[in-house]
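Asker: Residues per chain are reported as follows:
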Amino acid sequence: MKRAAILLGVLALAACGPDEPGPRADVSGTVVVLAAASLTESFTELGAIFEAAHPGSTVSFSFAASSELATQVEQGAPADVFASASPATMGLVVDNGDAAAAPVTFARNTLEIVVPAGNPAQVKGLEDFARKSLTIALCAPEVPCGAAADKAFGAAGVTPAPDTLEADVKATLGKVTLGEVDAALVYRTDVLAAGDEVEGIEFPEAAAAVNDYPIAVLRNARNAAAAEAFVELVLSPEGSGILMDAGFDVP
Amino acid sequence: MADIGQMTGAAPIPTRDSGLEAELRVRRGGFALDVILTVAPGEVVALLGPNGAGKSTALRLLAGLLPLDDGRVRLGDVVLEDTAARVRLAPERRRVGVVFQDYLLFPHLSARENVAFGLRARGSDRAEARRCADSWLERVGLAEYAGERPRQLSGGQAQRVALARALASEPRLLLMDEPLGALDAGTRLSVRADLRRHLADFDGATVVVTHDALDAFVLADRLVVLENGCVVQEGTPTDVARHPRTDYVAQLVGLNLYRGLAAGGTVTLDTGATLSTAHPTSGPVLVAFPPTAVVLHRHRPDSSARNSWPARVTALEQHGDVVRVRLTGEIDAAADVTALSVAELGLEQGASVWAAVKATETSVYPA
Amino acid sequence: MNATSRSASDARRTTGLPAPLVPLAGIALLFLGLPVLGLVVRTPWTTLAEVLTRRESLDALRLSLVCASLATVLCLVLGVPLAVVLARGHFPGRGLLRAVVTVPLVLPPVVGGVALFTAFGRRGIVGRPLDEVFGVTLPFTTAAVVVAEAFVAMPFLVIAVEGALRGSDRRYDEAAATLGASRWYTFRRVTLPLVAPGVAAGAVLCWARALGEFGATITFAGNFPGTTRTMPVEVYLTLQQDPPAAVALSLLLLVVSVAVLAGLRDRWLTSAR
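If you read the sequences in order, they're chains A, B and C.
Position one of the first sequence corresponds to residue 2 (the working numbering), numbered consecutively onward.
Position one of the second sequence corresponds to residue 18 (the working numbering), numbered consecutively onward.
Position one of the third sequence corresponds to residue 751 (the working numbering), numbered consecutively onward.
Just so you know, the hints here were simulated from the structure itself, not pulled from any lab data.
One or more of the hints may lead you astray.
[Unchecked claim] Partial pick of chain C residues on the chain A-facing surface, computed with a CB cut under 8 angstroms: (1) Gly871; (2) Arg873; (3) Pro889; (4) Thr892; (5) Phe974; (6) Gln991.
Just so you know, these numbers come straight off a predicted model, no measurement behind them.
Yeah, the Cβ is synthetic: ideal placement off N, Cα and C, and Gly gets one too.
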């Protein structure tokens, strides 16, 4: 319902706005987009807009951990676009020669403390993560949100005492949503997406751990025209608007 | 149900008799069993009957493996089951030993462990149970097989282990289901003799279920013949062998048997034919005579045999050194003749002969 | 001539395989074996020793073996009685109960992990009173790993044991009863030994499933080195950064589990007869 309303609004805007991408005759068919899990909500919206703007086209998403998606690209998964939550992961794809052109940073994500609704453990800042009595979830250092968390703790001079190191950011958030942990560090986009079940707490050291999201058309894209059109949409003002609504910063 | 048994088992109802007294009644679909059975201590009763007569069902009822629909079972002064009083002892609380048809020796236990099982289950310590098991194996002549698993024993040995296992826990009632049924003819003979000896030593009541007449006659003090869930005849082996009351029993003991109405020295059979007998009686009677008493002639015999009738040969069967001739006619009968007679009389299927039986060879008794 | 033809037919009888099965069995073997072979081929032999002797690797391996074994014990203690009830009990709703038992088989393991939270988590049906009264919480502990693995693996044990019980001859139980054995004594000394092969097979399946368990474990128990990071979790995380090392770790898990199973099998076979 909400999505439909936004969709209508955007369509109206697109119809009269000066920067509308406009239907292109050569854009049709299916475009396969591999995107970081944190992009699930915003990209799903963008996909709907894209399909509306290009009748006869379909956007097919695969949302997962960036590193997992990079492995899929390396293994030759049939995909047209890769949107990563970390420049390092995108770097792997570029190094393998799988990107058609240089990646472009389209969004930035900032870490936030997330606690269950009502903040039962009275968490105020990063220093609470050192409290052994709390149950804390962090992303594993092997995944981007974990690397970012390490940077933030480094900047704050706090040694956290986590109880679990989750394999991806959604799993980390899930532990908070279920109320099984007292606090976690996730992206602001995740906090927004989780709705009322959780509360986000901003903290100053987050600035030290801003995460860039690069996007690139893949070299083996089967539908290069549609892939480029989709990337264009992501980089357009509409795309930026939706990403900002989801909690991203846009360069 | 076990709970009910537990309650009443603590307060046994005393009786004078110390053997088995049972009234067994169950109904399973179209089949109904209704048997009254008494066995004195030390007595061996054979439940004899064709397949499906209800012998094994009766045995399972006595062991408590099946519940009675109606009736009661009393062993000595203990009521094992009484439907009217809502008493029912679980099998493990009855002092009843069972030797199953295929023995059901526990395959994962040695012969000794099998025999010791009941003692251990009832709480004897290991050494005592072992000592007792070894002495039982000794008694059945299997001391050197104590450590063997059942699969390494022959059929006869397994049967003896099963008997030792059933007797080791000193039951007051021993039940045996076709104890020789799983054995080949050769072993059967010696095992049967052994079994008879062991049963003679046992002072409790014994019920042996069998469909083999010879087993029943050798092992039992008394026969109870079961057909279609009912007792059709009861008596000592001699009595039953001499005076069969049903075609099934007559066939088992190898007699020709007829039902009829006696008037003086003549019996009018149900078929209308008449037979002269040596002892005059009256009323409904059974007449029996052995196949060896039937003499065959090519032509009508002149005199001495008072009973003679024309008949046709329907089958010839070799039985050892005699040939059993099946006859149909006014009176259907079996006749045993020598091979020489077969040749002389030119007997073959369909041949016409005259059959004759002396009145003195017949046995007449009230139906 | 006569002799040779007879021996040939004897040989055919002793092998006794219907012809169409052989190629299909071969394909099945390749299907199962090739991915394993692929792992072996891709293993970075030069760095293997270094990867396998890392403290984290050995910690994860030890934790995996301990937890899978404890989960198997838990499954035996609870699963065998459940199998007996399913196989021997007579009560309405038995079919439904059997369906419930197989739920963990069809449930995606991650969903299984979430389901475990709803029961044993801090806000779970049992977990909340446990936390409020005793201050005990299960998630993110080694015990949670055991619980998650047992949850996913128990159906394998229950189904194997139930099948064995259904196939076993109940008359042995009757024989034991006539010898004066109580139902409990009969169960211990007769019923259970007779289905021992089924229980052993179920336990092996159960252990293997528990050892490889990932989804429910990482969801319910989380991931922390030394307490909850089992080998599959370690492999998964290593895969994010260093795929060759992940392959090496997988191979280690494979070799150890095959060695344990082969060892058990030999021991079991020799002790059985």
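Asker: It remains to establish, for every hint, whether it holds in the given structure.
Answerer: Here is how each hint holds up against the structure:
no. : hint   : in the structure
1   : Gly871 : 5 angstroms, holds
2   : Arg873 : 5 angstroms, holds
3   : Pro889 : 5 angstroms, holds
4   : Thr892 : 12 angstroms, violated
5   : Phe974 : 5 angstroms, holds
6   : Gln991 : 5 angstroms, holds
In terms of the numbered hints stated before, the structure departs from hint 4 and from no other.
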